[in-house]
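A.B. asks: Following this note's numbering, the numbering of the first sequence begins with 3 at its first residue and continues without gaps.
Honestly, the hints are just simulated from the structure, not real lab data.
Note that the Cβ used here is the ideal one computed from N, Cα and C, for glycine as well.
Among the clues, some could well be false.
Below 16 Å or equal to it, Euclidean Cα-Cα: the simulated EDC-like pairs (lysine to aspartate or glutamate) are [claimed, not checked]:
hint, residue 1, residue 2
1, K472, D157
2, K719, E623
3, K100, E111
4, K593, D541
5, K743, E810
6, K531, D541
7, K593, D665
8, K132, E212
9, K203, D16
10, K831, E810
11, K387, E212
12, K243, E212
13, K642, D665
14, K836, D855
15, K245, E207
16, K527, D473
Derived Cβ-Cβ restraints for the label pairs, each shown as a range [said to hold, decoys possible]:
hint, residue 1, residue 2, range
17, A12, S698, 46 to 56 Å
18, N848, E703, 31 to 41 Å
19, V50, N587, 13 to 23 Å
20, N196, K421, 43 to 53 Å
21, A547, R590, 52 to 62 Å
22, E654, K25, 34 to 44 Å
23, D599, E31, 42 to 52 Å
24, R438, N196, 32 to 42 Å
25, E386, A12, 22 to 32 Å
26, P300, D153, 25 to 35 Å
27, D475, E439, 24 to 34 Å
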Amino acid sequence: MEIPKVYDPAAVEDKWYSFWLEKNYFHSEPDEREPYTIVIPPPNVTGVLHMGHMLNNTIQDVLIRRARMMGKNACWVPGTDHASIATEAKVVALLKQKGISKEQLTREEFLKYAWEWKEKYGGIILEQLKKLGASCDWERTRFTMDPDLSDAVIDVFIDLFRKGQIYRGVRMVNWDPQGLTAVSDEEVIHKEVNSKLYYVKYKIEDSQDEWITIATTRPETILADTAVCVHPDDERYRHLKGKRAIIPIINRSVPIIFDEYITMEFGTGALKVTPAHDINDYNLAIKHNLEVIDVLTPEGKLAPVAEHYVGQDRFVVRKQIAKDLDAMGQLVKAEDIKNKVGYSERTDAVIEPRLSMQWFLKMDKVSQPALENVLNGNIRFIPEKFINTYRHWMENVHDWCISRQLWWGQRIPAWYTEKGEYVVAKTQDEAENLLREKGIKFTSLRQDDDVLDTWFSSWLWPISVFDGFKDPDNKDINYYYPTNDLITAPEILFFWVARMIIAGYEYRGQKPFSNVYLTGIVRDKQGRKMSKSLGNSPDPLDLIAQYGADGVRVGMLLSSPAGNDLLFDEGLCEQGRNFANKIWNAFRLIKGWEVTDQAQPETNKIAGEWFSSRFNESLKEIDDHYAKYRMSDALMSTYKLVWDDYCAWYLEMIKPDFQKPVDKKTLEQALGFFENLLKVLHPFMPFISEEIWHLSRERKEGDDIIVSSWPKGGDVKTDLNKAFTTASEIVTSIRNIRKQKNIPMRDQIELQTISSDRGILFDPIIRRLGNLSMISTLQEKPKGAITFMVGTSEFFIPYGESIDTDAEKERIQKELEYNMGFLKSVQSKLANEKFVSNAKPEVVENEKKKQADAEAKIKALKEQLENL
RNA sequence: GCGCUGUUAGCUCAGUUGGUUUAGAGCAUUACCUUGACAGGGUAGGGGUCAGUGGUUCGAAUCCACUACAGCGCACCA
Numbered sequence: 003m004e005i006p007k008v009y010d011p012a013a014v015e016d017k018w019y020s021f022w023l024e025k026n027y028f029h030s031e032p033d034e035r036e037p038y039t040i041v042i043p044p045p046n047v048t049g050v051l052h053m054g055h056m057l058n059n060t061i062q063d064v065l066i067r068r069a070r071m072m073g074k075n076a077c078w079v080p081g082t083d084h085a086s087i088a089t090e091a092k093v094v095a096l097l098k099q100k101g102i103s104k105e106q107l108t109r110e111e112f113l114k115y116a117w118e119w120k121e122k123y124g125g126i127i128l129e130q131l132k133k134l135g136a137s138c139d140w141e142r143t144r145f146t147m148d149p150d151l152s153d154a155v156i157d158v159f160i161d162l163f164r165k166g167q168i169y170r171g172v173r174m175v176n177w178d179p180q181g182l183t184a185v186s187d188e189e190v191i192h193k194e195v196n197s198k199l200y201y202v203k204y205k206i207e208d209s210q211d212e213w214i215t216i217a218t219t220r221p222e223t224i225l226a227d228t229a230v231c232v233h234p235d236d237e238r239y240r241h242l243k244g245k246r247a248i249i250p251i252i253n254r255s256v257p258i259i260f261d262e263y264i265t266m267e268f269g270t271g272a273l274k275v276t277p278a279h280d281i282n283d284y285n286l287a288i289k290h291n292l293e294v295i296d297v298l299t300p301e302g303k304l305a306p307v308a309e310h311y312v313g314q315d316r317f318v319v320r321k322q323i324a325k326d327l328d329a330m331g332q333l334v335k336a337e338d339i340k341n342k343v344g345y346s347e348r349t350d351a352v353i354e355p356r357l358s359m360q361w362f363l364k365m366d367k368v369s370q371p372a373l374e375n376v377l378n379g380n381i382r383f384i385p386e387k388f389i390n391t392y393r394h395w396m397e398n399v400h401d402w403c404i405s406r407q408l409w410w411g412q413r414i415p416a417w418y419t420e421k422g423e424y425v426v427a428k429t430q431d432e433a434e435n436l437l438r439e440k441g442i443k444f445t446s447l448r449q450d451d452d453v454l455d456t457w458f459s460s461w462l463w464p465i466s467v468f469d470g471f472k473d474p475d476n477k478d479i480n481y482y483y484p485t486n487d488l489i490t491a492p493e494i495l496f497f498w499v500a501r502m503i504i505a506g507y508e509y510r511g512q513k514p515f516s517n518v519y520l521t522g523i524v525r526d527k528q529g530r531k532m533s534k535s536l537g538n539s540p541d542p543l544d545l546i547a548q549y550g551a552d553g554v555r556v557g558m559l560l561s562s563p564a565g566n567d568l569l570f571d572e573g574l575c576e577q578g579r580n581f582a583n584k585i586w587n588a589f590r591l592i593k594g595w596e597v598t599d600q601a602q603p604e605t606n607k608i609a610g611e612w613f614s615s616r617f618n619e620s621l622k623e624i625d626d627h628y629a630k631y632r633m634s635d636a637l638m639s640t641y642k643l644v645w646d647d648y649c650a651w652y653l654e655m656i657k658p659d660f661q662k663p664v665d666k667k668t669l670e671q672a673l674g675f676f677e678n679l680l681k682v683l684h685p686f687m688p689f690i691s692e693e694i695w696h697l698s699r700e701r702k703e704g705d706d707i708i709v710s711s712w713p714k715g716g717d718v719k720t721d722l723n724k725a726f727t728t729a730s731e732i733v734t735s736i737r738n739i740r741k742q743k744n745i746p747m748r749d750q751i752e753l754q755t756i757s758s759d760r761g762i763l764f765d766p767i768i769r770r771l772g773n774l775s776m777i778s779t780l781q782e783k784p785k786g787a788i789t790f791m792v793g794t795s796e797f798f799i800p801y802g803e804s805i806d807t808d809a810e811k812e813r814i815q816k817e818l819e820y821n822m823g824f825l826k827s828v829q830s831k832l833a834n835e836k837f838v839s840n841a842k843p844e845v846v847e848n849e850k851k852k853q854a855d856a857e858a859k860i861k862a863l864k865e866q867l868e869n870l
């Protein structure tokens, strides 16, 4: 069989993905096995695959594939999220291109367009995940607006309302003037920006020429001022008690009030109070019974009530009003300052605090079990550092604003009479009944226009994907819930993770998952977050085309411990591809051997025993890394096991001479080991492992690596591994000397030793790998030979006349110095009485051994110098 | 401003309750090898006063304090 020299992933990957699908290997049904469940963090239905998804889903697939091989019933539920704001924005933009504005449409018409869009373009990302090799149970694919899932959202809303946990009220909320909706506190990102602090003087009413200067970063809100506030202890303003000030431009008279909230040191110590546009000012207004004047429209423009600058954007007005104030002589100065401004997470518009009627979920009570069960370890965070962040958030959590002024999403099931009385019910019929029961009269009902926050549906995800609301005692939910691992980004710890935990306890009385693995952010080499707008993100599908999915998966995992950002470098994918090629060529080598019936040579037998033991040792390490969710370490151990131990050592040991056959037993062993390696590789590199699995032997129906069983650990022969280490050091030394002395590998040389306590098990292998004619044991040290030491054993290579004595002297001298320095440090330790009396006996013992070894070495080296 | 993490080789990171030969890995780099699995390869090197200062200890990359820098989270200073 002709095997190509270079592994070609493109030819292989689609084939095996279809094969797995055909065999239905990704599908899971409850059975007697232990379940292992992951629910995907549903990507936005508008999303396209980016590097963050690649990392996240690679990790999930690795865990799922390994669990499947461990004999568990692995179930990975995929799906998408309806993403209210993002999707609605996308549909609005699309309609605009067609010349249709949202305002022209009825809600029903708009939703029709939205669903059309979703059916046509939504969920591309799931198709892309297949290229990565994601072994999701596609039959279970869910969408957060599927009828059953929407029902669950509405039922939960009604339930929480009836429990008194949801309320409706006018509150100061974060308003997105671009998205035209309220957003939750978590959707506001505070950024530090350069601003100006304007000092504006207000005239004191009924005074000749008395003024009070306030400082503000938002002069456009002056028009909404309803008071000026100073600190009661402030000497500068004490005389203004009972006086009023005149707001410039609009010339409104407002009271001067006194409150300890004021920081005397900031600005001038005088604050303009604008209750409609600042949460603190609003609180002051309630306390001091002030008027509330809202001068901004939902779009962030000046409203008619402002009387000036009407219809202009707030930022335009900010500049203009500063100019106008200056012209009036009322702008004292403008100072450059840095301050924090809130931006919408979705639209990046500057958030305006705005008073409006919204729905809220009380968080204090429901968050209790969610906090407890993370603190007590019932739910594990990986890495643990996020527990602190989580705790801090949970302890200070505000009520959750859950209404959004959008159409795309689950509509709030509240029904209003003409008079504004309302009930919460699933259908209009039910609402009518409820109203009648309450004796409320009405002629027609109107449903609330708002929809619920998207996170108000995704917080139910781990339950709703198994129909845990529709049918709370069904087979699936009972079997798969709680799920095992959740893999997600720390950015949505509060948005999503915390709330899923809350919902889990509220609705199942149980955690939604046991472990939360928090990935890092994928950044470019300069440390910038990869984003479409920066254009610094490679297209994952291009990468897959170039390096193979296996290569990219390895690249993603090579350097991404949990919680650490990943500085993405295509070089990592290249390394992944090279690794695939290495595996491929190891296979090519073995496959190319002729086989005979001859008996197995001793060297090969020893090599096999050693590799078997080494494999078990490594497997233990790998399993341990997995248990600790150290994915990149598990991969690195696998990488070294394959590259170094198997390819560089084992195959070199057993490789038959050129064009010579190999014995049957050795070949069988080598293939057997290879199979185990493929299994360990499979979670990381599903495609190449399946490909070689099938090429290496005839396989029966169903004998596929994806459903094979994870290798069981066996004996680790510590002595054998140690003996190998010594042997490998001897081989390395010989290679080193060959290089230094320019002795070509093809020239056979002799190795001599005088040490008798050395294990000789690996001698045949040393002979082979060092290309030695013989290894002989002498009674006394030879003269004029090249010498080297491994541990405390001395070795000699007699190599004719051509020894460069000076160079040799220098080399030995150098080694001698090192050992003397080392001995000195050990000796000073042992000479320290306190060390000897305080340190643990084993430690002292060990130091003594170090001393003895160093002394022996020094002695030998000195003799070598003399012998030259 | 408050809080939480970090800071170890050119880069990305390990270093598991302080003591496994005066610090390890992968990548990168250097030299050499190379018709016989793999030039996308092999072999062997070089490279670090563990951010700084002080302390605890017989002993500190590891524990403590402070400083500097970075990242993240939270917060109403206009």
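A.B. asks: Hints numbered earlier in the text: which of these fail when held up against the supplied structure?
C.D. replies: 4, 8, 9, 10, 11, 13, 14, 16, 17, 18, 19, 21, 24, 25
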